[in-house]
Amino acid sequence: MFGKMDLVLDIKNLKKYYNNVKAVENVSFSVKQGELVVIIGPSGAGKSTVLRCINRMVDATDGEIWFEGKDIVKIKKEKDLKQLRRKIGMIFQSYNLVYRLSVFQNVLHGRLGYMSQTDAVLGRYKEADKRKALDILEKIGLKNMIYKRAGELSGGQKQRVGIARALMQEPSLLLCDEPIASLDPSSSKIIMDQIHAMAKEHNIACLVNLHQVDIAKTYADRIVGI
1 MFGKMDLVLD
11 IKNLKKYYNN
21 VKAVENVSFS
31 VKQGELVVII
41 GPSGAGKSTV
51 LRCINRMVDA
61 TDGEIWFEGK
71 DIVKIKKEKD
81 LKQLRRKIGM
91 IFQSYNLVYR
101 LSVFQNVLHG
111 RLGYMSQTDA
121 VLGRYKEADK
131 RKALDILEKI
141 GLKNMIYKRA
151 GELSGGQKQR
161 VGIARALMQE
171 PSLLLCDEPI
181 ASLDPSSSKI
191 IMDQIHAMAK
201 EHNIACLVNL
211 HQVDIAKTYA
221 DRIVGI
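Counting from 1, one number per residue, gives the positions in the sequence shown under this note's numbering.
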């Protein structure tokens, strides 16, 4: 059984209002190490807003978001937010890659949160990070595409680059916002297989937004409906 120490994320009565619009109302759930939890719900139910509150892309109106023992909602300093975000990997529906850069460079961007501003601007990555990026790309089947520009890839390949970039962060928590919404069924299976493998092999708490109930049933340890 999981104990209290295995809890990575614990959300209590989360609310997010935009003026009179209740985007999220009283959402509570938790995610443990190595667990894949799927949030299911129709478009406009607030699934993406929940994820944005967790990584503080938007500020919650009320409630608590405990991540590794700290209430994210209460963090004020930019330095503390940066430290928080480097432990939270994010996979986006729209991939969020720099299309003019190579696959290799996009994956290395997963280390930016750990680098000084000067090293980040100049792209001075450690040799160990470069080796790790190559290892990850080999594991997800993209090593032969490392010098290709990200903009030249298919949708499924772009999402695999997004997964590799998230792995480079060595996250405790992975947030996936509709990661297969733009993909065909065969690419969707590859992406969900790799997200599931990330959670289990690396013991990462994983939270995935989906609207496909059958896929949620296939991959989720638990399903949260909103």
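The set of hints was computed from the structure by calculation and includes no laboratory data.
Don't take each hint at face value.
[Claimed, not checked] With beta-carbon atoms standing in for the labels, derived distance ranges:
1) LYS79 - VAL213: 39 to 45 Å
2) ARG149 - GLU201: 18 to 24 Å
3) LEU122 - TYR147: 35 to 41 Å
[Claimed, not checked] List of simulated lysine-lysine pairs, DSS-like, C-alpha gap at most 25 Å:
4) LYS82 - LYS126
5) LYS139 - LYS200
6) LYS82 - LYS130
Given the structure is predicted, the values throughout are model-derived calculations rather than measurements.
Think of the CB as a built atom: it goes at the ideal place given N, C-alpha and C, for glycine as much as any other residue.
Comparing the hints with the structure gives:
1. LYS79 - VAL213: 39 to 45 Å: For LYS79 and VAL213 the Cβ distance comes to about 41 Å; the hint holds.
2. ARG149 - GLU201: 18 to 24 Å: 29 Å, violated
3. LEU122 - TYR147: 35 to 41 Å: With a Cβ separation near 20 Å, LEU122 and TYR147 fall outside 35 to 41 Å, so the hint is violated.
4. LYS82 - LYS126: At roughly 20 Å apart (the allowed maximum being 25 Å), LYS126 and LYS82 satisfy the hint.
5. LYS139 - LYS200: With a Cα-Cα distance of about 15 Å, the restraint between LYS139 and LYS200 holds, given a limit of 25 Å.
6. LYS82 - LYS130: Roughly 22 Å separates the two Cα atoms, so the pair holds.
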